[in-house]
Amino acid sequence: MSTEKKMSRRDLLKMAAAGGTGLVMSGLPVRVIAQDMVTIKVQTAGLDDNTLQPVADIQMARNPNVNVEWVVLTGIDHEEVAAKILALVAAGESIDVGYAATEACQLFAGQGLAAPLDDRITSDPDQDFWTDFFSDVHPSLTEAMMYEGSLYEPPRDFNAANMYFNTNVLAENGFEVPGEEWTKDDFLEIARGTTKKDDSGNTEVFGYAWTNRLWGSWMPWIFVAGGNLYTEERAPGGSWVWDGYYAGDAAAEGRGGGFRWREPVANSSEVVEALELVVDIWKEGVTPDIAMGTGQTLTGFYATGLLCMTPAGGFWAGRLGNEGMEKGDFDVQYWPNWRNQKHQFGTGGHWLSETSTAPDEAWEFMKIEVSHEGFQSSIFFNPVIITTPSRRSYSQADAFESTGPANSDVFYGTLDDHPSTSPIPAPPWSNPMTTIFTTYTGFAMSGEMGPQQALDEMQAELESLTNREGRKYYQE
Amino acid sequence: MTSRKTTAVAGGGIFHWLMQDTMDGLRRRRAVLGYLFLLPTLLGIFIFTAGPVFVSFGLSLFQWNIFKPPDYVGLENFERLLEDRRVIIGLVNTVKFTVLAVCSQVSIGLILALAVHRINRVWLRYYFRTAFFLPLLMSGASVAVFMGYIFHKEFGPLNYYLTLLGIPQIPWLTSSDLVMISIAIISAWRNMGFTFLIFLGGLSNLSQEVLDAADVDGAQGLRRLWSVTIPLLSPQILFATVTGVIGALQVFDEPYIMTRGGPGNASRTLVMVMYEHAFKHIEFGYGSAIAIVVFLMILVMAIVQMWLWRNRVFYQ
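Protein chains in written order, with this note's numbering: chain A, 1 to 476; chain B, 1 to 316.
Wrong hints could be hidden among the right ones.
Computed from the model, here is a short list of chain A residues facing chain B with C-beta under 10 angstroms [claimed, not checked]:
id	residue
1	Glu-80
2	Leu-86
3	Ser-123
4	Pro-125
5	Asp-198
6	Asn-202
7	Thr-203
8	Leu-277
9	Ile-281
10	Ile-290
11	Gly-300
12	Thr-435
13	Glu-448
14	Leu-465
15	Asn-467
To give a feel for the contact side, a few chain B residues facing chain A, derived at Cβ under 7 angstroms [unchecked claim]:
id	residue
16	Lys-153
17	Glu-209
18	Gln-220
19	Gly-221
20	Asn-265
Hint data in this document are derived by calculation from the structure and do not stem from the laboratory. No residue lacks a Cβ here, since even glycine has one placed at the ideal position from N, Cα and C.
All chains should be built: construct the whole structure from the sequences, respecting the hints.
Encoded structure:
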């Protein structure tokens, strides 16, 4: 008797379904979440989804009922990450905690997406925590995270535009890292003196380079020339933080409830002069053609000795180390003095969603992140600095001991020793503003328009944008 | 017959009607099974393609920034669009790119297919087939990133080798005059594998009788190519052109990653303008209005091409 049995199509389908289900089940992470667990969704800005894991670990160790879930959103620049957060919100997804730099913070606050933190801070029973935190964070960083009198993010990191030098290129051309008081003319001398051209006139080593974006870019030249893209006003309010936590701090005097950027002044003579400066040295071949981006491309060229100077903040210290640059191969200095030595910075941190379903747990996460414990464990600041810590005590020379630069005191000194330092222009409509800014920068830097024409047209577009968008924001 | 069916349905419901042990019942079951297999695809198309198209039509009549409820503005978005310089520039750039990219990918694809078709060694043919098709398997984003390095004016390997030949550095991506040409070259490099394969398939299926007849008539070389081969390949050329134009009108990855629309607005395409308004400037209504323009452009271009080619396509 034959024992052979033919498999029917139905059997085959059953087996395939069972097998498929098994495969799917085996691929699922085995995680048992108790019924009383609270899950908070935290958006991270990239690198990898474990960037904030140490902070989550601290919170989950303290409170085993909290589960932290990552929402990873990457982007070429801050405005793109902000756009992705908005797309997420538009799609009906929610996050409890999001990351934003200065410009997106203003947008999320202005649109009511982020929750003001004033009451949470002032009513926190652990007032020592906040007294310690604010005493360790420069008031300008706190002010940049305020909107119409309320604080929306405790600053976690910041980056001011300082000047980085490839010390090997400097030395090869007989230069040294200039002193703190160096000027625009000193800069031009070094930039021209370190530029090397081949016989056919092509530049082989550039004295200076930058990328076309809002932060960094040629914006530092606008500031030291005495200009800005918008008039810089202070919103009323904020006395709760200045009188409460910064009482007696001279650097907090005269501060308000955040900034208002209401009137575009992009074609003022100072801004035109600043653009003329960068266009002129581009025409001389001192700077390469200007591309869009965050400077990743430049990092490689800088590390291989093809560039001498570029604007960057503390975030470059670790990055250059990762590119193989040894301690001593690079250094940093304040931005050169022109009409003034006013620096620009951008700051970043986490904001609490107004629609969070677990706001207390989300707030706890934010608090841990900016605590000493959070800073000591953060991958952003350990083992090397990959973005400048907002807390002064973590931005000292020892933090840059393994990587350099030697002048690392410049980073926090930009805030402490240069009281005029202020945030990049970051109205809530900074995304379209950035598009306009980079577009007309591109027109000027490709020679398609002269600086005056480019800035006149930029001004016209900014006025039209501000008329359309500006009335939606700011209370007066 | 009709009354029996009606009775069956009324008496036993749809299930019995479907499960009738008759030839009609079998046909119905097969039809239902067919539709069930189609259902996932149809649902996908409806949810991810057709649905959003309809929603976009509706959204284009609203002003919506996701934070507040949509505000009905009628045709205001379309009026604004007509005066928006960036939209006009995006449109011109897109058309410029489409002409450059489609012409090059169709012509290069055809030349390569003709060349590879003549190779007798099978392994060599496989090698070229794979080599030309590989770029198409790469994501547009990764192609854009590494091409950004290759085409870099000062530090890119392309200019490095050109300068060795005594050619001055070319500002591939930073000159307003050259940037769209460079992007079209990159796009053609990536997409020509598709047209190449279509043409190669077409060449392999050419009627031997027609080719032999051409030989007998003395048609050789270019004459045979122009008067026999290309007309016989016209269905493939039409297909490659129509799909190429549809793809090119939606160009986004390469210019966005390599130049972000610059320098100035020189490489800003219509889809990029749409993305910027919808997602970066949070103007979903206006972004939808631009999306509709793109949709109509693609539709009109496809119809026009089909119409233009109506008497020039020869099916064997």
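Hint check:
Evaluation of the A:Glu-80 hint against chain B yields a held restraint, the C-beta minimum of about 7 angstroms falling below 10 angstroms. For A:Leu-86, the interface hint holds, since its Cβ comes within 10 angstroms of a Cβ in chain B; the closest pair sits about 6 angstroms apart. For A:Ser-123, the interface hint is violated, since its Cβ never comes within 10 angstroms of a Cβ in chain B; the closest pair sits about 27 angstroms apart. Look at A:Pro-125: its Cβ only gets to about 33 angstroms from chain B, farther than 10 angstroms, so that hint breaks.
Annotation: A:Asp-198 was flagged as interfacial toward chain B, and the flag holds, the nearest CB pair being 8 angstroms apart, inside 10 angstroms. At about 5 angstroms, the closest approach between the beta carbon of A:Asn-202 and any beta carbon in chain B falls short of 10 angstroms, and the interface hint on this residue holds. With 10 angstroms as the threshold, the beta carbon of A:Thr-203 comes within range of chain B, its nearest partner Cβ sitting at about 7 angstroms, so the hint holds. At its closest, the beta carbon of A:Leu-277 sits 19 angstroms from a beta carbon of chain B; the interface hint therefore is violated under the 10 angstroms criterion.
With a least beta-carbon distance of about 14 angstroms to chain B, the hint placing A:Ile-281 at the interface is violated under the 10 angstroms criterion. The closest approach between the C-beta of A:Ile-290 and any C-beta of chain B is roughly 7 angstroms, which is under the 10 angstroms cut-off, so the hint is satisfied. Checking A:Gly-300 against chain B by beta carbon gives a least distance of about 8 angstroms; that is within 10 angstroms, so the hint holds. Annotation: interface hint on A:Thr-435 holds; nearest CB of chain B at approximately 6 angstroms, less than 10 angstroms.
Given hint, A:Glu-448 at the interface with chain B, holds; its Cβ is 5 angstroms from that chain's nearest Cβ, closer than 10 angstroms. Proximity of A:Leu-465 to chain B holds as hinted, the smallest CB-CB distance being about 9 angstroms (cut-off 10 angstroms). The interface hint given for A:Asn-467 is violated, since its Cβ lies 13 angstroms from the closest Cβ of chain B, which is over the 10 angstroms cut-off. Evaluation of the B:Lys-153 hint against chain A yields a held restraint, the C-beta minimum of about 5 angstroms falling below 7 angstroms.
Checking B:Glu-209 against chain A: minimum C-beta separation of about 43 angstroms lies over 7 angstroms; hint violated. Interface hint at B:Gln-220: violated, since its Cβ lies 47 angstroms from the closest Cβ of chain A, which is beyond the 7 angstroms cut-off. A least Cβ separation of about 43 angstroms between B:Gly-221 and chain A goes past the 7 angstroms threshold, and the interface hint is therefore violated. The beta carbon of B:Asn-265 comes within 6 angstroms of a beta carbon in chain A, closer than 7 angstroms, and the hint placing it at the interface holds.
Hint violations for this structure: numbers 3, 4, 8, 9, 15, 17, 18, 19, all remaining hints satisfied.
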